[in-house]
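Novice: So the chains spell out like this:
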Amino acid sequence: MTASILGRHPVGLLLSAPYAVYIAAVFAYPLGMAVWISFHDYIFTAPGVSVPRPFVGTDNYTTALADPAVRQSFVNILIFLVINVPLTVVLSLLLATALNAAIPFRTFFRVGFYVPYVTASVAVVGVWLFLFSSDGLVNQVLGDLAPDPSWLINEKWAMPSIALFVTWKQLGFFILLYLAALQNVPSELYESAAVDGAGRWRSFRAVTIPGVRPATTLVTLLAIITGANLFTEPYLLTNGGGPSGRSASPVLLMYQRGIEQQHPDVAAAIGVLLVAGVLLLAGAQRLLERSRE
Amino acid sequence: MTRGRSWWRTIALTLGAIVFLFPFYYMIVGSLQATPDTSLSGALPRPDNLSLDNYREINAAIGLWRSLLNSVIVTAGVVVGTLVFGVLAGYALAQLRYRGRGTLFAAMLLLQVIPFQLLVIPLYVQVVRGYGLADSYLGMILPFVINSVAVFVFRQFFLQLPVELFEAARLDGASEIRVLRSVALPLVRPALLTATLLTFIGPWNEFLWPFLITKETGMQPLAVALANYMSTVASAASNPYGAILAGACVLAAPAVLLFIAFQRHFVSSDLGSGVKG
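So the sequence lines, in the order shown, correspond to chains W and B. The opening position of the first sequence corresponds to residue 1 in this note's numbering, with each subsequent residue numbered one higher. The opening position of the second sequence corresponds to residue 1 in this note's numbering, with each subsequent residue numbered one higher.
If you are wondering where the hints come from, they were derived from the structure by calculation, not from laboratory data. The structure displayed is predicted, hence computed values, not measured ones. Note that CB positions come from ideal geometry on N, CA and C, so glycine has one too. Warning: the hint list may mix true and false statements.
[What the hints assert, rightly or not] For the chain W half of the interface with chain B, some residues (derived, Cβ under 10 Å), not all of them:
1) 18
2) 44
3) 46
4) 118
5) 140
6) 235
The following block holds chain W by itself, in its conformation from the complex:
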């Protein structure tokens, strides 16, 4: 077999070409363009019309950061992540551990847990609006304990409510990831822990948690990325990030500034800042992992 300059199987280039083109056109090019737009004075034009788009340095970033609504949205998403990420990790590991045994109705539980994950946000938002409205079922159950104004129109509770909603919605997927990771924890470790007289809680802490650490890293990272992408929930659940912008997310601001108010350059700057923030968090998480090892 002759190894050509294109490799042993040049046909591979042909077979993966559509996917490579797709990545280039839908990810690489827009990614570069997003950064480019964020450093230029950019306005929408009709196809074929060319207008000057001068380089403006960091003007768009200054505009974005000087906007109190944008600053608020970054604070909001931090509040969201602080609630959502730990809750997601703890609950999904707990439920995956509970599922990881020969128990009756195992399939029912497994499927039941990921039903919210496979359902459209738009659909489940509908029922949460109904459940958490001022005289909705949740407040009826809580009686005098219900917050006033109600959850989704309360400045303090709007963002935590959204964080809870997203935790609930995504948990099934993360349970599946942990279930897969639990299969890789050698059962001998549990046996020797039991021989050493470790109780169930001790062996969970000493065997399970270290055993699924790679999965925890992945779950944390994916939860952060999902959180950074938050849009549908503040748009629909709290009626456009209300009350008074307390549940607005950076992506919602991108939509409002970029599409509604026709400032794509400022919107692109918000997007770049958002991704920089995500990368920073992901990097911090890696450092934390390393220092633990």
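Once you've looked at the hints, dock chain B against the given chain W.
Specialist: Chain B alone, transformed into the frame defined by chain W:
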């Protein structure tokens, strides 16, 4: 082992199941209420308060059939694109050695961490302003046409198959295209269903992108039509929650039923490769 060992399991799982499934039960009950009843007893269906009026109302307001058809067309486009091009790419990435393979695989992993929302503005400029694809199926399909997670599933699947299988066919003088058609494709069938399930929920549930590029109501997928109804029209309806919940049931049903019917093909072992890899 000791009895009573699993009491905490049962409690955790049952509580979980109630929290996860009650909203869906309540969605159905609420969609059938003639007048909204948010009291505790309203959680149980009352025969004298049952009607299908909400379904009629939402159908009249947003045209359920038309928007369902739009959802089906967009989803089908993405699923077909993913199955055709995804299998090819997955096979090449797993079984073939060629220049650029490592780069492509690295790019594929890297794009998992790019929030799609960052790309929304440039994609909007490209697709709507550049190609003039607003209010078109192609415009809605394009950004999702090959699902990378499905490519990953295909790659993992082909990796598990022994290389010798393909080498033997090549030694017998089969061309690469022949190897793909007669050896790889017949073997990949079990992975097709998993990939279809994974791919389906993306475009079916997607809201932001089709919402941005469709202004014409006749082109909107159900998720967009329902969301617009929720944020604008609903306040004028006699039983807004009922109509919203009826629309929500119609939007949720296909995905939920598919995943219940084919649950065996969506288990952790399929995703496990993702954790290990």
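Novice: All the hints need checking, so say for each whether the structure fits it.
Specialist: Structure-based check of each hint:
For residue 18 of chain W, the interface hint holds, the least distance from its beta-carbon to any beta-carbon of chain B being 4 Å, beneath 10 Å. The closest approach between the C-beta of residue 44 of chain W and any C-beta of chain B is roughly 6 Å, which is under the 10 Å cut-off, so the hint is satisfied. A distance limit of 10 Å between C-beta atoms decides the matter here; for residue 46 of chain W the minimum to chain B is near 7 Å, and the interface restraint holds. For the restraint placing residue 118 of chain W at the interface with chain B, the shortest Cβ-Cβ distance is roughly 5 Å, inside the 10 Å limit, so the hint holds.
Annotation: interface hint on residue 140 of chain W holds; nearest CB of chain B at approximately 6 Å, less than 10 Å. Interface hint at residue 235 of chain W: satisfied, since its Cβ lies 8 Å from the closest Cβ of chain B, which is below the 10 Å cut-off.
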